[in-house]
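Quick mapping for you: the protein sequence lines, in order, are chains A and B. Quick note on numbering: the numbering used here labels position 65 of the first sequence as 65, and the sequence is numbered without any gaps. Quick note on numbering: the numbering used here labels position 97 of the second sequence as 1097, and the sequence is numbered without any gaps.
Derived from the structure by calculation, the hints contain no laboratory data. In this text, a Cβ means the ideal position worked out from N, Cα and C, and glycines have one as well.
Partial selection, computed: residues in chain A whose CB lies under 8 Å from chain B:
1. Val14
2. Val36
3. Phe44
4. Arg55
5. Ala58
6. Lys87
7. Ile88
8. Leu92
9. Ser103
10. Ser106
11. Glu138
Covered stretches of chain A (in silico footprint by chain B; criterion: 3 or more residues with CB under 8 Å from a CB of chain B, positions within the stretch not fixed):
12. 19-29
13. 118-132
DMTMM-like, lysine to aspartate or glutamate: derived pairs with alpha carbons at most 25 Å apart:
14. B/Lys1030 with A/Glu102
15. B/Lys1118 with A/Asp22
16. B/Lys1097 with B/Asp1029
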Amino acid sequence: MKISKVMQDFAKKVSQNDKLYDKINNKILPIGESAVATGMYSLFIEKNDHIERERKPALQYQNLICGLIGMFSANKINQSIQKHQEKIIEVLRNNKNIQNPESLISGLKIAMPIVIFGLIIRFLLPVVSTPISSKINEIKQSKLDVKA
Amino acid sequence: MSIYPVNGYERVAKFISSKPMQKIIRYADKNPAIFQSATVFGMCSVLRPATILVTPAKNENMKSDRLYSSAKSVASGITDLAFSTMLFMPANKLINKTTDKLFADKTSPLFSDIKAMKMYKNLLNRGLKFLTIPIIAYLNFRFVKDIADLMSGKSKK
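Generate the whole structure from the sequences, applying the supplied hints.
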């Protein structure tokens, strides 16, 4: 319970400073999580004996591309989503034909970030990075073959 | 507001106001965790691998890379769904319950402080994610070869 008390005190201290609160919540924690995940994925790709050796470099490059872009663009994407979300909510509020608009708006605040963020970070980015990582691996292999 | 959507936001709002979309969005409001899990699973295990597999590949190496990337997507979706339903959702409920108690406890630093409460919840949720990253990372790649073999129709000898 000492850890809990320390965390509560830390949370209290941080919440009293707006800049620090924003920095920790929107930058340090998400970037830290992404960095650790990317590093761990990289480690387990390398250590995995079941994946063919020739397939590992492309997986590594894909992991790195997705990790790095995700790390540094996630906050901007979230901010952009919130900005556009507010404008859509304004239109919905003015629509008298919607029954119980607050429930719809509350759901939209949950659904929209999940879907849009997911489409960019979990769909578009990995799809685009797959051929790029293959190409990087191909170029690297051809350079190694030339050296040999 | 005019009958016809004038700008992009009105177009999107019109789409959201349709009956099927309202149903989905209101469901997300009532069950945010399930909605998130289902969305992530759908993207990782269905949409992403399907899209990767249809992207053009110039040679055999690229085709294999594409297959492994799709297999990794499927593994990632299944792992996320499993962890989400078995661990993160119940843990999230417990964290919310604990935090609500602290919020109401006069001796707690979080007493009546919404911002501090949100920060504390975020720290606990992220802390849990940090602890589970190694297991999730291991599981994401452990079955990639098996899934790749299954997707390419190769049978185990």
